[in-house]
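4 protein chains.
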Amino acid sequence: MSANSFGGRIKMHTFGESHGRAMGTLIDGFPAGVSINLADVQAYLDRRKPGTSAWVSARKETDTLEIVSGIFEGKTLGTPICGLVYNQNARSEDYEKIKDEPRHGHAETVWKNKFGHIDYRGGGRSSGRETLSRVIAGAFCEQALKKVAPKMEIVGWVSKVGEWTCDESIAEKSDRAAIDKMPGRFPYKDDKFISKKLESAKAKGESYGGVAEIIVKNPVESLGQPVFHKLKADIASAAMSLGATLGVDFAEGFESVSKPGTEFHASDTTKQYGGIQGGISTGQTIRFRVYFKPTSSILDIAKKGRHDPCIVPRAVPVLEAMTAVILFDHWLWSKTDKLEI
Amino acid sequence: MSANSFGGRIKMHTFGESHGRAMGTLIDGFPAGVSINLADVQAYLDRRKPGTSAWVSARKETDTLEIVSGIFEGKTLGTPICGLVYNQNARSEDYEKIKDEPRHGHAETVWKNKFGHIDYRGGGRSSGRETLSRVIAGAFCEQALKKVAPKMEIVGWVSKVGEWTCDESIAEKSDRAAIDKMPGRFPYKDDKFISKKLESAKAKGESYGGVAEIIVKNPVESLGQPVFHKLKADIASAAMSLGATLGVDFAEGFESVSKPGTEFHASDTTKQYGGIQGGISTGQTIRFRVYFKPTSSILDIAKKGRHDPCIVPRAVPVLEAMTAVILFDHWLWSKTDKLEI
Amino acid sequence: MSANSFGGRIKMHTFGESHGRAMGTLIDGFPAGVSINLADVQAYLDRRKPGTSAWVSARKETDTLEIVSGIFEGKTLGTPICGLVYNQNARSEDYEKIKDEPRHGHAETVWKNKFGHIDYRGGGRSSGRETLSRVIAGAFCEQALKKVAPKMEIVGWVSKVGEWTCDESIAEKSDRAAIDKMPGRFPYKDDKFISKKLESAKAKGESYGGVAEIIVKNPVESLGQPVFHKLKADIASAAMSLGATLGVDFAEGFESVSKPGTEFHASDTTKQYGGIQGGISTGQTIRFRVYFKPTSSILDIAKKGRHDPCIVPRAVPVLEAMTAVILFDHWLWSKTDKLEI
Amino acid sequence: MSANSFGGRIKMHTFGESHGRAMGTLIDGFPAGVSINLADVQAYLDRRKPGTSAWVSARKETDTLEIVSGIFEGKTLGTPICGLVYNQNARSEDYEKIKDEPRHGHAETVWKNKFGHIDYRGGGRSSGRETLSRVIAGAFCEQALKKVAPKMEIVGWVSKVGEWTCDESIAEKSDRAAIDKMPGRFPYKDDKFISKKLESAKAKGESYGGVAEIIVKNPVESLGQPVFHKLKADIASAAMSLGATLGVDFAEGFESVSKPGTEFHASDTTKQYGGIQGGISTGQTIRFRVYFKPTSSILDIAKKGRHDPCIVPRAVPVLEAMTAVILFDHWLWSKTDKLEI
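Line by line, the protein sequences give chains A, B, C and D.
The numbers in our numbering rise by one with no breaks, and the one at position 138 of the first sequence is 138.
The numbers in our numbering rise by one with no breaks, and the one at position 41 of the second sequence is 41.
The numbers in our numbering rise by one with no breaks, and the one at position 207 of the third sequence is 207.
The numbers in our numbering rise by one with no breaks, and the one at position 15 of the fourth sequence is 15.
Isolated chain A (complex conformation):
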């Protein structure tokens, strides 16, 4: 068990500091022979990139992926895949001053206590920029999943920003392309509603938390392992490994715990199980939500830093990517569940 690794059959290792030389991902255990469309991997990366709306962080990065190993003639080799994104727009000087003035709500102080020596520039490795590495791995896994389970679809959106709730009926009908077109990935009758709120928040130094919701349509069944690698356990671990997360819930969510059993388990539906029973996928839609705190860099010294008034929109592709990593990992794992002889 390594601090910077995730997964069982495939291992995703992430590395890099926010203002260091590069961010990167190393994927081991990825099978040979999978055709990879690198333009699609880059497009996936671009989905989480800052700088695409008026209200997001001003840091400009092209986030261009360089593949260093593991791919030859367009296909995976079964050897470790290393992808790098060199950091370009690293305005370290903005952070010089916070070297000795840790920011309220940020991880600098705890990292400093723990490790003694830290990279204080932009959060170093505790920066949200680390999630870029996860998206690289997710993009690879999603391409493999498309081949082994063409009907499976992972779609996420922002279901809540601050006190505002999305319109679930719009969300449910949307696919990823449709949601990517929405500013804020917030399905709502008036597309610009949430953008205005966030622009205004940015202007006045306010920030919001919120909720990201992810569904997996037509998932492969029998994924997930008892006991400690139930699908819901791995998803929860992935969700809570992101910064600023406060909680995660599944199926119809935490409020459904108030229902009496006779109502909850009403046998004319199985929706209440959220596509996972006994920790294992049933083949029905998987559904979970991740809860995020408001961004913490609003009123403090780093105001001149480059931060979003709400990070949930940018968390959506990261959560989709992590879901893809988990699903492909468990798909591989399931190949040795039983010996059919």
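Don't read these hints as lab results, they were simulated from the structure.
Below, simulated BS3-like cross-link-like pairs (lysine-lysine); rule was C-alpha separation at most 30 Å, straight line: (1) B/Lys173 - A/Lys259; (2) C/Lys259 - D/Lys196; (3) D/Lys338 - B/Lys338; (4) C/Lys335 - A/Lys217; (5) C/Lys49 - D/Lys259; (6) C/Lys181 - D/Lys259; (7) A/Lys335 - D/Lys112; (8) C/Lys259 - D/Lys181; (9) B/Lys112 - C/Lys75; (10) C/Lys112 - D/Lys335; (11) D/Lys146 - C/Lys112; (12) A/Lys75 - D/Lys112; (13) B/Lys146 - A/Lys112; (14) C/Lys112 - D/Lys259; (15) B/Lys49 - A/Lys259; (16) C/Lys112 - B/Lys147; (17) B/Lys259 - A/Lys112; (18) A/Lys49 - B/Lys259; (19) B/Lys259 - A/Lys204; (20) A/Lys259 - B/Lys112; (21) A/Lys335 - C/Lys151; (22) B/Lys335 - D/Lys335; (23) A/Lys335 - C/Lys147; (24) B/Lys338 - D/Lys217; (25) D/Lys151 - B/Lys338; (26) B/Lys146 - C/Lys112; (27) D/Lys49 - C/Lys259; (28) D/Lys192 - C/Lys259; (29) A/Lys335 - C/Lys217; (30) A/Lys338 - C/Lys151; (31) B/Lys335 - A/Lys112; (32) D/Lys112 - C/Lys271; (33) B/Lys335 - D/Lys75; (34) B/Lys335 - D/Lys217; (35) B/Lys259 - A/Lys189.
Derived, one-sided and incomplete: chain B residues facing chain C with beta-carbon distance under 7 Å: (36) Asn4; (37) His13; (38) Glu17; (39) Arg21; (40) Ala32.
Remember, it's a predicted structure, so these values are computed and weren't measured experimentally.
Every residue gets a Cβ at the ideal spot worked out from N, C-alpha and C, and that includes glycine.
Guided by the hints, dock chains B, C and D onto chain A, whose structure is given.
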């Protein structure tokens, strides 16, 4: 990564089927030289044992722990500790009839699809009885923690059963001994309130979900590892590896995400961070909640089986135990965070 | 990575002290649905048991295997398989006196320095009795291999005892049953030759080292993983994890390194590669040898203890078992080498 | 367990194909706060570089290390350290023709069978160039070891080339600097002896195997873990994870197994244990040897490729580096052996 293993520096492996020969735990990586009071380990086990209230499962088990290895002359050897609890009251005949009739809301069908061959008796390994193994490991870890961090205290209670909410002001003031005296581990002005509800539920074939809340007072600081083994990620993984869990949240919980950042991060307190920042313990009280579905065995064929109308009270010692495993694991891990030379 | 675990896709965990309550094995990741003949597992265990010749250790143990979990109705469940052998003839009093008098050539002193607290009785966990746990796992794996690769055969023998060398032409023609009939598993024209040498050694307090040779006939091809889990790396690791081992070599062995390349790689044969190229099985016979020191308990205080004048004969089934674990582990691993779509 | 990872407390991940974009190393679990002299890391890398003698491979590479993450202001951050060496002199066209003509004694065919899709250029990932990644990790670990155990010294040399044996009395007295000055790292009264042999071999298309010998002077005691991570098991695994290795032995080597126990264990010395007992370091000099096959690329189609007539000299720094990784890994591991309270 094994399906039945948990932890990084210590590895807890659990094994056993509900109606098989025995349940067991194997702990590897536990340091040598720790004095273990086995009576206290047994007492910890007894805290999750069925059969202590009128309304809980009728299965009678003494749950007597037998230590098979790893302890000599009252102290750990640094070798693997194996503890067993032989199953005694395994009324398999009750389950004969469900061999071909999987129960609604139970894991049998998904396990059958996945593994082909299952032990259908009482859920086999998907039974809640598996948690006994975790309590054994937790009891060992808590004894070690008492030595390295004598002021640290892990206390849990039931903060919600169905629609009823506990009295947090009573909960906060209570310690483990006080809560263990409450039927239902539900801190409330009228001790018998929840017992009556649960007895009545049992009588009429009803069940309830609920919420378990765990706090860690005076935790060691600097525990937790970036990036994928943040303390909150490991806790979430542990919580969601339990059966019937729907979600987990930290600090002030799900609902606090609605607050604007200026309010959430108000700098006169740090309570909103729940003792964890950047995934690492700050030394302040750690707080999280786990959400459970209502028990699923109410109205179906297994009615004659032995199930609780609400499992949350019995989940409390299991969650405390898992928390102890995580904290001791991370305490060991932290020994190599930095080289002080 | 745990100190007492071995394997990648299946994990074998061994536990138990020589004079503790029991020796045991926990196997995780073993696929569901494999029919297991427990009498054959017991028979495998009996092959390494002391007490079968005049010259071996006098410790009497029935070594009766008790399966605690993971098997139901004669087939594996895909859940952890736990097997125990309770220690019966644990004459601890013989060892009382060595509590404070560590034996020359034994591990007690180094264990004591390392762990502070040790079980000094019969070597505790450093005893050769630990290998019993490996044989249990090997027996399970071999039964699975028989199903997936019926023609594969793992056969070992003693190719050297002290200065005496076996007759390879007899060894090559023998199968496991034939070798098990030889006292000392030493293929030689005169069956009793080596027994006489060992009886005489036992009488005069002498001991011998030697060499065990293992071949795998008709192995599955494409087993082994680059880079760090080459088949030869895992075999070497397994061999050197046994006590008293001094070295391991493959194919035609140590001495073949003296040959010039033009001779070594003469292209009319591939025997010089020993069935492994680039760390991966080619389908041809795999061959390796393990070198053992003479037993160390000859002239010291533990003379009254129960030790063999040569442990190599008893090491043969242990090495065969470890080979089976490695081959089945890699067979499972190979299922995800490539995606065939 | 990943195919391309090594170690327990620190994890070294290696990646890269011989003629791909770059070779690289990712080290996770390396403690924070260790000052790193990158010039010394580069110097270590240069010790294994081809192109330093008349008789070695003609491939010209500067092998310039680029650190991508994990180091800030000259010290480790406790985050993953990624080091890259971009491949420059990748004359792939030389290998075009072997695309469909696998070389005798090389790994191409087995890789092709296993993975379906391979990088056939210069062996792809099965190339000896992969060892560069290990040297990077070793150089970091050795710098850390210098701080925690300043008197510890890892020194290796070539003790045999083909049929020629080095002069052990010269070897024993030499340190690393002295040996690095010897062409061929072959301690011998006439420095040029082995160079002449190798030049002549290169000219006539001959190659030689040989033996590398490594000693660790003044090792930290109590390193190594029972049961499966005995120091000798991890060293054997590392040695046999290199290409072209045939075997490994310890202490006084495989020939010493012929001695009777009374002679082997003669109690006036402990040299026969080679600094390791029960798998754990005793503090005395550790000694092992690794046996290499003759290079296989001599007479075949790749003659125009770039290969050494004997790879043992270049294997020496790789084995030293792997030894450093193992020792530092076990040093970290030993921090949690016992709880001293």
